[in-house]
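Position chain R against the provided structure of chain X, taking the given hints into account.
Heads up: the protein sequence lines correspond to chains X and R, in order. UniProt numbering numbers the first residue of the first sequence as 1 and each following residue consecutively. UniProt numbering numbers the first residue of the second sequence as 1 and each following residue consecutively.
Be a bit skeptical, because a hint or two may be false.
It does not matter which identical chain is meant; a pair holds if it fits inside one copy or across any two.
[What the hints assert, rightly or not] Keeping only pairs whose Cα atoms sit at most 27 angstroms apart, straight-line, the calculated BS3-like set for lysine-lysine is:
1. K147 - K198
2. K90 - K200
3. K141 - K188
4. K200 - K109
5. K90 - K5
6. K198 - K161
Hints were generated in silico from the structure; no laboratory data involved. From a predicted model like this one, the values you see are computed outputs, not experimental measurements.
2 protein chains.
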Amino acid sequence: MNNNKGIIVIISGPSGSGKGTIVKEIIKHDRYALSISVTTRSPRVGEKEGIHYFFKSRQEFEEMIHRGDLIEWAEFCENYYGTPRSYVEKMQSEGKDVILEIEVQGALKVKELNPEAVLIFIVPPSLTELKNRLIGRGTEKEEIIEKRLKRALEELDMINKYDYLVVNDSIHEAANKIHTIVEAEHMKATRNLDLIEKIKKERF
Amino acid sequence: MNNNKGIIVIISGPSGSGKGTIVKEIIKHDRYALSISVTTRSPRVGEKEGIHYFFKSRQEFEEMIHRGDLIEWAEFCENYYGTPRSYVEKMQSEGKDVILEIEVQGALKVKELNPEAVLIFIVPPSLTELKNRLIGRGTEKEEIIEKRLKRALEELDMINKYDYLVVNDSIHEAANKIHTIVEAEHMKATRNLDLIEKIKKERF
Numbered sequence: 001m002n003n004n005k006g007i008i009v010i011i012s013g014p015s016g017s018g019k020g021t022i023v024k025e026i027i028k029h030d031r032y033a034l035s036i037s038v039t040t041r042s043p044r045v046g047e048k049e050g051i052h053y054f055f056k057s058r059q060e061f062e063e064m065i066h067r068g069d070l071i072e073w074a075e076f077c078e079n080y081y082g083t084p085r086s087y088v089e090k091m092q093s094e095g096k097d098v099i100l101e102i103e104v105q106g107a108l109k110v111k112e113l114n115p116e117a118v119l120i121f122i123v124p125p126s127l128t129e130l131k132n133r134l135i136g137r138g139t140e141k142e143e144i145i146e147k148r149l150k151r152a153l154e155e156l157d158m159i160n161k162y163d164y165l166v167v168n169d170s171i172h173e174a175a176n177k178i179h180t181i182v183e184a185e186h187m188k189a190t191r192n193l194d195l196i197e198k199i200k201k202e203r204f
Numbered sequence: 001m002n003n004n005k006g007i008i009v010i011i012s013g014p015s016g017s018g019k020g021t022i023v024k025e026i027i028k029h030d031r032y033a034l035s036i037s038v039t040t041r042s043p044r045v046g047e048k049e050g051i052h053y054f055f056k057s058r059q060e061f062e063e064m065i066h067r068g069d070l071i072e073w074a075e076f077c078e079n080y081y082g083t084p085r086s087y088v089e090k091m092q093s094e095g096k097d098v099i100l101e102i103e104v105q106g107a108l109k110v111k112e113l114n115p116e117a118v119l120i121f122i123v124p125p126s127l128t129e130l131k132n133r134l135i136g137r138g139t140e141k142e143e144i145i146e147k148r149l150k151r152a153l154e155e156l157d158m159i160n161k162y163d164y165l166v167v168n169d170s171i172h173e174a175a176n177k178i179h180t181i182v183e184a185e186h187m188k189a190t191r192n193l194d195l196i197e198k199i200k201k202e203r204f
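Next comes chain X alone, as it looks inside the complex (with noise of 0.2 angstroms):
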């Protein structure tokens, strides 16, 4: 048996990568966990808390931000948006692998404050294909489809910090892709010296 904490799981890429579609599949398996966001905006219709996100107020969330609760946070559009630290740690100790789909900046910040974290860039089989998935949903204009091809182009500068790359052919395929990872993960040598310091101290 190896280690039964649960690892933090990063999925990143550019927005028509399938990123989305790929964690709803991933989080079918009991093992995993999905972070839930804290945020200030107001909840939308439907919207729950505690399954959605954890609503605060904007008080509320920069007392956060002071007493270290959040493992990254941002700011868009006047409102606040972060991962709390107490919920992944909770759902990782409970065993589960927690996945948090976040952007790269974020992605990066929390690499930092947490090296054993793992991150993984979705990329779609090619950028002629991230186009026609763009153009394909049918809401977006074509000046905003462009700034989003850029966005990603960039974004690509900054895979060689992410730990794995997954090529979405199939979201079946990529959700597997996913679950090899995270099973090599958990066997790594150095999540697992507990069980070597077990082994050695076993009396024969």
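Same frame as chain X, now just chain R:
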């Protein structure tokens, strides 16, 4: 499609850990090639050049050392044993993951020269189990068994220099765990920088 270049996979573990049997199980798969050692000892009955070993004279072996033709080498009982670079690299370029079953000192030497090599340490479920396996063989004296257990304990101190730890509960499962590790390693970002360049250079 992730990177196709074969990976050097080094498998070590104490005598009685079952590593030899696991290696035999792994190399049933086409994707793997077993590294063939060079030795100065005489062929035993049934041993064939280029299948079991590459047989060389002491002079030829020493020339290989001086030319840097060996990834690692050691001398035991007045015979040299080593891993020829050319064979390993040939297999890698054909896309095969190359399995090296070598002891701890040699393994760390290979890792030093080839940081991209993957070091896997096989441990039995417990030291009691290890002792039982050594006794079960029926070929070793009590004294030698004690010596091997002492050696095993010393080797356990080196595990933190290994990349992965695989507990050998059963041969089949242990072999599967090694496949999982190798699959994950192929997705390492550092092994796929070419793929990123390819995606970035694509015209769209």
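Within, between, both or neither: how does the pair K90, K200 come out at a Cα-Cα threshold of 27 angstroms? This pair counts as neither: shortest intra-copy Cα distance 29 angstroms, inter-copy 39 angstroms.
Given identical chains, is K141 near K188, meaning Cα to Cα at most 27 angstroms, within a copy, between copies, both, or neither? neither (45 angstroms within a copy, 35 angstroms between copies)
Could you figure out if K147 and K198 sit no more than 27 angstroms apart (CA to CA) within one copy, between two copies, both or neither? Between. Shortest inter-copy distance 20 angstroms satisfies the 27 angstroms Cα cut-off; intra-copy 54 angstroms does not.
Please sort K200 with K109 into within, between, both or neither, judging by C-alpha distance up to 27 angstroms. Between. Shortest inter-copy distance 25 angstroms satisfies the 27 angstroms Cα cut-off; intra-copy 36 angstroms does not.
Copy assignment of K198 with K161, given that the CA separation must stay at most 27 angstroms: Classified as between: cross-chain Cα gap 18 angstroms, same-chain 34 angstroms, threshold 27 angstroms.
Within a copy, between copies, both or neither: which one fits K90 and K5 at a CA-CA cutoff of 27 angstroms? within (11 angstroms within a copy, 40 angstroms between copies)
The structure fails to meet hints 2 and 3 from the earlier list, while all remaining hints are met.
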